[in-house]
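In case you want the letters, here they are:
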Amino acid sequence: MTPAASVADVCIVGVGATGSILAKELASAGLKVVGLERGPAPRLEDYAVRDSIKFIARPEQLDWVKHEPTTSRAKLGQTAELRYRTSPLNVLGGALLHWTGQVSRYLPGDFKLYTNEIQSGNAERAGADLTGYDVIDWPLTYDDLESHYEKFEWEFGVSGRAGMNPFAGPRKRGYPLPPLRHSAKMELFAEACSKLGYHPYDTPAGILSQPYRPPAPFDTRIEERPACVYCGHCNFYGCHIHAKAAALYTTIPVAIETGNFDLKTSCKVFHIDTDGSGKATGVHYFDPDGQAQEQRARVVILCAFVFESVRLLLMSKTDDGSFANGLANSSGYVGRNILAHGDVRAMGLYDDFIVNGFIGPGSAAMRIDDFNGNNFDHTGLGFIRGGTIGTSGDGTPITRMDVVPPDIPTWGKAYKEYFTRYYTRSFDLNMQPETLPHKANRVDLDPRHRDRWGIPLPRVTFDFHENEHRLQEFMAGVGEKIMRATGASKVWTERKATPNRWAGGTRMGADPKNSIVNEYCQTHDVPNLFIVGASVFPTMSGYPPTATVAALSYRTAEYILRQKQWFA
Amino acid sequence: MTSTTNKSPAGSFKVLNPAEARILEAIADRIFPATETPGAVEAGAVNYVDQALAGDYGRFRSLYRNGLRAVDRHAHEKFAGKFAELKDVEKDGVLSDFESGRVQSFKNAADFFDTVRCHILEGIFCEPHYGGNRDLIGWHLVGFPGQQYGYPDAYINKPVDLEPVATVEPPLEKK
Numbered sequence: 061m062t063p064a065a066s067v068a069d070v071c072i073v074g075v076g077a078t079g080s081i082l083a084k085e086l087a088s089a090g091l092k093v094v095g096l097e098r099g100p101a102p103r104l105e106d107y108a109v110r111d112s113i114k115f116i117a118r119p120e121q122l123d124w125v126k127h128e129p130t131t132s133r134a135k136l137g138q139t140a141e142l143r144y145r146t147s148p149l150n151v152l153g154g155a156l157l158h159w160t161g162q163v164s165r166y167l168p169g170d171f172k173l174y175t176n177e178i179q180s181g182n183a184e185r186a187g188a189d190l191t192g193y194d195v196i197d198w199p200l201t202y203d204d205l206e207s208h209y210e211k212f213e214w215e216f217g218v219s220g221r222a223g224m225n226p227f228a229g230p231r232k233r234g235y236p237l238p239p240l241r242h243s244a245k246m247e248l249f250a251e252a253c254s255k256l257g258y259h260p261y262d263t264p265a266g267i268l269s270q271p272y273r274p275p276a277p278f279d280t281r282i283e284e285r286p287a288c289v290y291c292g293h294c295n296f297y298g299c300h301i302h303a304k305a306a307a308l309y310t311t312i313p314v315a316i317e318t319g320n321f322d323l324k325t326s327c328k329v330f331h332i333d334t335d336g337s338g339k340a341t342g343v344h345y346f347d348p349d350g351q352a353q354e355q356r357a358r359v360v361i362l363c364a365f366v367f368e369s370v371r372l373l374l375m376s377k378t379d380d381g382s383f384a385n386g387l388a389n390s391s392g393y394v395g396r397n398i399l400a401h402g403d404v405r406a407m408g409l410y411d412d413f414i415v416n417g418f419i420g421p422g423s424a425a426m427r428i429d430d431f432n433g434n435n436f437d438h439t440g441l442g443f444i445r446g447g448t449i450g451t452s453g454d455g456t457p458i459t460r461m462d463v464v465p466p467d468i469p470t471w472g473k474a475y476k477e478y479f480t481r482y483y484t485r486s487f488d489l490n491m492q493p494e495t496l497p498h499k500a501n502r503v504d505l506d507p508r509h510r511d512r513w514g515i516p517l518p519r520v521t522f523d524f525h526e527n528e529h530r531l532q533e534f535m536a537g538v539g540e541k542i543m544r545a546t547g548a549s550k551v552w553t554e555r556k557a558t559p560n561r562w563a564g565g566t567r568m569g570a571d572p573k574n575s576i577v578n579e580y581c582q583t584h585d586v587p588n589l590f591i592v593g594a595s596v597f598p599t600m601s602g603y604p605p606t607a608t609v610a611a612l613s614y615r616t617a618e619y620i621l622r623q624k625q626w627f628a
Numbered sequence: 007m008t009s010t011t012n013k014s015p016a017g018s019f020k021v022l023n024p025a026e027a028r029i030l031e032a033i034a035d036r037i038f039p040a041t042e043t044p045g046a047v048e049a050g051a052v053n054y055v056d057q058a059l060a061g062d063y064g065r066f067r068s069l070y071r072n073g074l075r076a077v078d079r080h081a082h083e084k085f086a087g088k089f090a091e092l093k094d095v096e097k098d099g100v101l102s103d104f105e106s107g108r109v110q111s112f113k114n115a116a117d118f119f120d121t122v123r124c125h126i127l128e129g130i131f132c133e134p135h136y137g138g139n140r141d142l143i144g145w146h147l148v149g150f151p152g153q154q155y156g157y158p159d160a161y162i163n164k165p166v167d168l169e170p171v172a173t174v175e176p177p178l179e180k181k
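Read top to bottom, the protein sequences are chains A and B. Numbering-wise (this note's numbering), the first sequence opens with residue 61 and increments by one. Numbering-wise (this note's numbering), the second sequence opens with residue 7 and increments by one.
Next up, chain B with everything else stripped away, as it sits in the complex (with noise of 0.2 Å):
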């Protein structure tokens, strides 16, 4: 196992192993690559689904487990590597096999694949103290304010110039 230690920190995940971390971040970042601006991965994605799994989600453990390691499997069968070391047209082939159910070792590949796809993207879009989200780069990037308190305009056709919020207290100021 190949210590992924001073590239990503994997060390700090509370379900994850640096292994799986590594293939998951791998995952996120071609589902909501990094571009000329930050993609899944900056956000802290796979933080959120590590901090989801240690609770409300505490029953997608052993889909992801299996999942992950489904998917080095696969890549070790297509195409001869470990799926975090493909280069990036390989690991998109990786991903659309099990986008389509076309993984012969892995019945619950098309599942495994929309349970990450979408919480790879709650953790890009969640609220921060969910653990992704990191710096509101999720809400930055498609011009969502996040939770301000009320909108004074109805913005009709114009950008909203607001920066973006993020609160973790019912705002109600009664008694």
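Next comes chain A alone, as it looks inside the complex (with noise of 0.2 Å):
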């Protein structure tokens, strides 16, 4: 091991969506930064090809993907399986790469479950039954996070359409462009909620519907990129002309550009370190050739993603004293009650209407939240909460092989003849219904795994509960409705729920004795440490976290920029 280099500023762990935002803000501002991302710095030919066997049917196989792998069990007691993820796309700029752009603001009443579901009597008039969960409200509210949520959409540029949705929360600016171009899907869904009574609204989408540049007050450092031209291979693909708001060419080059942000690719953080008074003192990291080496820093910044953070916090226990169960778990929550989205949903087929469904993007989607979060009468439902209902089913034919309904075969003649007619005619309707946290929801250290560095892989147990059984049905339900008032020929669901968009483990709240970091996604337990990331959400909602993501990173980095005497 080489002798440690000189004391960073800062030194944030995983350089994704969180850590880009985190080293602009903060090396913008002077603060020498130090960026650690274990995964490569992609090409272009790596990303911005649109192959579907590459980045649809053999993910497992990408370098971003294959060398990080969890492993898996639904419940506890049971033996986890390896299991290879695409959540925390282990690359340069993270996840934002390959995301589907879907970027909703919370609800105002998300941040406050426990206040707003539990105390005011809500689950009880639901008749919701809320054994083993464990709901806690944020320590902040959407108002402390509207210029945030703000400086993300005209940073990385936002299509949408302010007003339209009657259930968002109060706004002081528009968006930086207008919704992208309708598709046959947008039509035919806003057709039938109008009929039906709700409101449907263009999703806001992390894609460009004009070239765009941000203007002042914004950051006008950030390159111009063109438009959208809905060439249809856009979820998990890397966009072939940046029209995607994606860190690797918004964020990363204006950080690199200051000077003063050091960044390490294909680097492994294995242990964060801490000194006797109890603070962090920097990590240690195995470097491109696998020697381990040590990087010194006032602050240290995880930004990993659910499970990695987790891991780190996990591995970095101390042999006695206060960092004996795992470094700032004091309160024994670290890993605790992780969530993700249940996605139930509802396929139509036309016999008279050519969908086109593959003319993309995906986040091109129309919208309802009348059944999201509290926006409706839970009264004798049995569960709270709700989520949100939209448009989807974009996808070459490798996508949409798979998507049969129950009475056709799914091989031989009939499958053929199937095929061939309806893959240009056919759309899906993805309800993301919440999940509440629960107990027995957590990520551990694996006893049996270990990755290449010999490190124990993060253990993922999770499974649906009570809440969320009962949530999904109603969920398909709606979207079976709405799915039949659009015209289709045939319209069948899926109701079986897969877990989709981690969140939760090192959740934020008010009380040190039952969660892990502050409003400011510093840890209670060590003030030099931070978690930013969809790890500290102590409750999720029907949208997608990335929003919410960005919004914290921006609030964070001001936080420690207020902390002057932290680096004087």
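Fair warning: there could be bad hints in the mix.
[Unchecked claim] Quick partial rundown of chain B residues pointing at chain A, CB under 7 Å, derived from the structure:
no., residue
1, N23
2, A60
3, D62
4, F66
5, R123
6, C132
7, E133
8, L147
9, V148
10, Q153
11, V166
12, V171
13, A172
Bear in mind the hints are in silico, worked out from the structure with no lab data behind them. Note that the structure is a prediction, hence the values are computed from the model and not measured. Every residue, glycine too, gets a C-beta built ideally from N, C-alpha and C.
Got two chains here, separate frames each, mind docking them using the hints?
Pasting the structure below:
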């Protein structure tokens, strides 16, 4: 091991959406920032190819996936099996490289589930069984994040129309760009929803509807990017023209340009170091040659996504003293209450309408929030909360070949007739029902499987419970009803939910006894250690986490920059 | 072992031997048959599978080896013939037994069937540089215009009047 280099002001572990925003903000203010990213820097030819075998059929072969698996099981006590995942994309710039681009601010009520749902008596009126759940409020409000949501929307470029969604929280400024061009799916869905009395709106999309460069007062150093060409190779693909909002070609180049950001890729952090006084002193990592190295820093920020942030905290436990259960884990809550949407779907086929669903992007979608959050009366429904409902079903034949109605065989002449006729005449509605924090759902260290460095893999234990089962069933029913109202000739549903969009594990809260970080993503136990990302969510929403994750990153950067005494 | 060299391109495969290729080709033809339009065999799906087994799908080699042998064995037990020489309805009977896992001598039957079905379909609809989707047969069949740079029109309720295209180039025209 080579001797420790000089002390950085800030060491960022993981340079994806959150890490790159923090790097840009902190380095621009003059702090010396080191960024350690376990994945490589992708080249254009690695990600800008519209190749459905590479990205849809064989994602486990991607360099960015195959080296960092987790293990997975549904219940405590089971043996966990290896699972390759595409959600923590182990590449510079992270999952923004291949995300769908659905940019939704959380609803104001999404931050106060304990107050709004339990204390208010709402859960009781609904007749929900919340045994085993562990619901707390966020220690901040929608208003605390409003300006940071705005900053994300205007720096990365978001297409949408303010005022269309009657359930959305208040906003000071509209979207920088008009909505994306409407597809057949969107038109069919909007018409059906209006007929049913719902309130369809254009999904705010992190995909440019027009060429865009952030205007002042936002970060004008971010380069202009072109408008989306609707190629349709979007969700799970890198964008071939950079119309998709990704860190790789927005925040990261600006951070590097400052001259204050020392970016090291293919560097795998394996330990967070602490001293006797209980402060973080830096990290240890394996460099690209596999040599262990030390990076000292005044502040350490974990931006490593749900699984890895938990793993690092647990790996960094000390033999005795306050970190014997893992770093920042005096509460015992590190790894607990992980969350994921339980998506269910409704599919429709059309005899008399050509949908051409492969024309993208996936986030050119209409959506309703009539059944999201607490936007509808839950009395007697047997569950609390909800989810958004929107159009999906983009994709090449490789993506769509397993979308088959239950009464059609999945092979043979009948399958061929079905797929050749309906590939261009079908689409889906995607329901994203929220999941409540449950005590059994967690990440810890796997006792059997290790990675190529010999470090135990993160073990994910996750299952849906009673509230989710009831909510998912309800949402599938609503989706089915809307799909019928679109005039589809045949409608069917996929009601078995699969976990999607992970969050939780190092939740934020007002009480250090049952949470890991405070409202500034600062750990309760270690004042110069921060954790930024979806892992800090104590509860989720029906929306994807990305906009909120980005807003928290900007807010945390502001907080750190106010602590001038740390860097004097 | 019957030689198949003058019936199929089996001799040119990297992983599959001629007998295996012949069985797989017969399976492919039942999974996505040629009708009045071409099917999996014409699209080169077997070639796709062979190329995949030689690379990214190397971990499936023994499943294929054992599975293809089990298909012929089951064909013998059930219909006293080689799988590739059975009538279509008999072939479908054999494959249905695999699909539902009702093959006593091969416990991975259902897994094998799912894997083969998936790979054969991939071979029909893949980007052609993976060895399948010959002449873009798969994309023509379903009306998918391929790796278009983009779509200037939303094509709402009308067919896309563009010839399918394939490319291996990242098309970004920037530095």
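Outcome of the hint check:
no. : hint : verdict
1   : N23  : violated, 24 Å
2   : A60  : violated, 14 Å
3   : D62  : holds, 5 Å
4   : F66  : violated, 12 Å
5   : R123 : holds, 5 Å
6   : C132 : holds, 5 Å
7   : E133 : holds, 6 Å
8   : L147 : holds, 5 Å
9   : V148 : holds, 4 Å
10  : Q153 : holds, 5 Å
11  : V166 : holds, 6 Å
12  : V171 : violated, 10 Å
13  : A172 : violated, 10 Å
Checked against the numbered hints above, the structure violates hints 1, 2, 4, 12, 13; every other hint is satisfied.
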